[in-house]
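Dock chain to chain to rebuild the complex, using the hints, since each chain is given by itself in its own frame.
Residue numbers (the working numbering), protein chains in the order written: chain A, 1 to 248; chain B, 1001 to 1306.
No wet-lab data here; the hints were simulated from the structure.
C-beta: ideal position from N, C-alpha, C; glycine also.
It is possible that part of the hints are untrue.
Claimed, not checked - Derived lysine-lysine pairs resembling DSSO-like cross-links, with alpha carbons at most 27 Å apart:
1. Lys45/A - Lys1077/B
2. Lys1077/B - Lys41/A
3. Lys83/A - Lys1099/B
4. Lys246/A - Lys1077/B
5. Lys1077/B - Lys83/A
6. Lys45/A - Lys83/A
7. Lys246/A - Lys1277/B
As the list claims (entries may be wrong) - Facing chain B, a subset of chain A residues (Cβ under 8 Å, in silico):
8. Glu8
9. Phe38
10. Ile39
11. Asp40
12. Pro78
13. Arg85
14. Ala117
15. Lys118
16. Glu122
17. Ser133
18. Gly212
19. Asp242
20. Lys246
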Amino acid sequence: MNFNFKHEWIETNIGLMAVLTMLAISVGGLVEIAPLFFIDKTIEKVEGVRPYTPLEQRGRDIYTREGCYLCHSQMIRPFRDEKLRYGHYSLAAESQYDHPFQWGSKRTGPDLARVGAKYSNEWHVQHLVAPRSMVPESVMPNYPWLLSTPLDISDTAARMKALRKVGVPYSLTQAEFDANVVKFGETVARQLHIPDAQKNLLEQANFGNYDGDRSGISELDALIAYLQVLGTMVDFSKYTDDAFVKYR
Amino acid sequence: MSEQKLQSQTVQTTGHAWDGDLQEYNNPLPTWWVYTFYVTVVFAIVYWTIYPSWPIGKGWIGGASNITYVNSAGETKTHSWNTRALLVQDMNEAAAAQKPYFDKVSSMSYEQIAKDPEMNGFIISAGKSLFADNCAACHQSGGQGVVGFFPNLADDDWLYGGSFDKIHETLVGGRRGYMPAFSEVLSGEQIDQLANYVASLSGIGHDATKASAGNVLFHTDTAACFYCHAVDAKGRKDIGAPNLTDNIWLWANVPAAQGDASKVAAIRGVISSGLNKGVMPAWAGRLSTEQIKVLTVYVHELGGGQ
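One chain only, chain B, in its complex shape (with noise of 0.2 Å):
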């Protein structure tokens, strides 16, 4: 208290007072501020002059530093500086050191990259950053896939086929898978007998009885499955119909399915309501050819490239 009365009568106040006696202290600003101040305020011309700034009409002061780069027609440009131009530099510096691999990508054969310890080492780091953004929403980050919706990349099944020149033709193209809906050419029994036919052929419990007539029903027009199929139910690769013989499931939710009873009533869905599904985009617009070309020998190596 003592220490504020003192204070009133050395620092002077905004002479004015409210209900009687309330004062207000008019202390001046703390040198160090003042000063700061003034130098934030040098600051922001010194930074006008370099940077771009003050919009004047229809444009604005570009500023006095300047961004030179080479753009993809191979022209050299100057521009004043921007993020836009800052960018184009940036990307110039980064496509220059990948150059030297890129280069290399693109003169090798696939089954030379595969072979070459230090390509398969940047094939692993780009081809994985790569999968992770554009694969992996969908084939999961190990390329497990998800049954039921996409197709399990590391095992040694494959759909259109796993070589090589498959596996770019599926990144560069896309696919669209697609079987009939069956319900409305085949009776109720009919799918089930089909059901346990093809249960049989991975070796799932079943109806004997009911799978050798859907074995006759597969075989025949009736069904027709083994236009797309294969008689030896083994699948055709170059239309992406399945080998139904190897007890690996995409469509229909097998693995998941408890029981014998309930693996085939999976099987019977599938065959029932078909598939007008497995959309695998085209990458060709999105990334480049030797991004596809990392792409495919990275798929390749997950672990069942042919």
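With the rest of the complex left out, here is chain A (with noise of 0.2 Å):
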């Protein structure tokens, strides 16, 4: 076998050499992940996904701003095992309002797409506070300045704008807020909307009192919220067990 091309030209010529190995190393990305914005079935179609509210997506930003992320994947493989731990597997439609999305794939604790609803508040409250005192034999580290810590939530229209930029359907306008009671409903649409992102927010923390503690808005308000709408969003059985085959 003899290679006879000459790869002095390549090696002498750096620029060449840079275009080159970016084309190289682009390859299982561009066969990988670019055929996914064509393909029509890339997220499926299904009802009940919306944007998080203002106090969920604050809730999100504490838990990438902590690393849950680190130690904790939100995607359920379609295995047996995994369905019958965690739940239906997850769906690209769930996490298609998720920048970055937190799928994941390091479990040194447990999956927690559908940890929404399947705990109570209290128990979340002193699972982060204290893991050890729900289940001892946990390797989670304490988090209990999230209770002690108020929410900041000055800046939580333009942390929704920022999203909005990247495709987040968060409303500003009048026009925009009525296409989104088209496709939300007007509850939702209401959740969404930029200008009262603050008024907003404040509500459903004081209604849903997350942290068990009337006495102010904590991060640990937010991350609960969080963490309590995680995978409940679809109801998966107005599917039938194969409604999500033809997507793949």
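See below:
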């Protein structure tokens, strides 16, 4: 076998080598990721998935800030053992408003894709403050400061505007609001309206009282509001067990 | 050194030289490597024809391999190979294997299941994994609970009742515990008297004078404890009001308190701030009817079923 091409030509042209190297290492991405933007079945058509409310979104910010994703995935795979333990496999549609998504593949702790409504709020409070008081064999760190730190709500609207820029349908104008009413119904659309962000956040936090402490709104209020909605948006009882087979 | 020199004479070089004498060998790839590479190429092409592979426009090539399954609506369907279709098939196979047992679970009464040794074995193994996935986070792996948070399911003291039907009702619909806070309607002294009375019911060291004053508060409209906890203080299972006479504690962490004074203080804390917790989630939407029935028997068999 004799490769008689002049690789001297590449090796002595650093610019050309950089371009060719980039091309070579982009192949994986181009082949595996790019087609997903053209295939019309990438995101399943399913009812109920909506963007997060301002409080849930702030909770999600805290989730990422604390690095929960380092130990917890949010991606239930279509295997029997996962279905039995965690519930229905995750749909692409369910994380379509996540920026960035929290799928992950590292499970030091359990998957959280459907943890919503599985435990009571007080369980979450106690478990986040002192995990081993609830699960003796747990290796999760304690997060006591979440309960004592007031939630910074000053930039709620700005954060929603940033997400709007990357495609989350939070509304700024009346026209956008009306479009959301059609798409998500009025109750949800109100939650997605950026000018009312702070009012909505306070209402949900005060009504839900997620951390069991009425004296103020803590970061734990937001985090638990987020955890309690995870995986609960789609009502799978409305679908047959093979409803999402055709999308893959 | 001499070997390298020898090689440089026999092995072809790329032909260019850096710094005057620095040359690069142009060794041919080993034959086994080259043929392995060709085999992997052929393997990939075969793989593409069998399994889903190339994207084309808005879709993709599904491949020659198909999966035929029966869905929950009873329709037989065939779809090109994918893990979601495989899962439906997999779940069906598992369900078919468990069906004889779950059929028995639905057709038999609780008492019959509990008495049948074979079914008992099934309840213990199936119930154990269901309990571990869904209940153990709060009630702990043996059902012993956590004082101050979650009730013990392994003893014979029940908030809402320990019969099969009551356990089933709790599992299906969930529960929500509530006790009003008395700090705003009673004085600190009155709450202290009540705490001493409640301590006396369980044989905890107390101040007898305060306890007898607490007895009056308990049984009159001043504190009106008897509405929920009953005149004999043994509680009312229809509303989940606990028995206060059995020295079994859930909300006031009396077992951990050292000395009579701090035991009374633990009771005082609950009377003062009340409870708006004790939330048990509803499992009807998460678990199947048969799974809930299995859990009902499992929890009943943990030791305290009535």
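Hint check:
no. : hint                 : result
1   : Lys45/A - Lys1077/B  : holds, 20 Å
2   : Lys1077/B - Lys41/A  : holds, 19 Å
3   : Lys83/A - Lys1099/B  : holds, 18 Å
4   : Lys246/A - Lys1077/B : holds, 11 Å
5   : Lys1077/B - Lys83/A  : holds, 21 Å
6   : Lys45/A - Lys83/A    : holds, 21 Å
7   : Lys246/A - Lys1277/B : violated, 44 Å
8   : Glu8                 : holds, 5 Å
9   : Phe38                : holds, 6 Å
10  : Ile39                : holds, 6 Å
11  : Asp40                : holds, 5 Å
12  : Pro78                : holds, 4 Å
13  : Arg85                : holds, 5 Å
14  : Ala117               : holds, 6 Å
15  : Lys118               : holds, 7 Å
16  : Glu122               : holds, 5 Å
17  : Ser133               : holds, 7 Å
18  : Gly212               : holds, 7 Å
19  : Asp242               : holds, 4 Å
20  : Lys246               : holds, 7 Å
In this structure, the one hint that does not hold is number 7.
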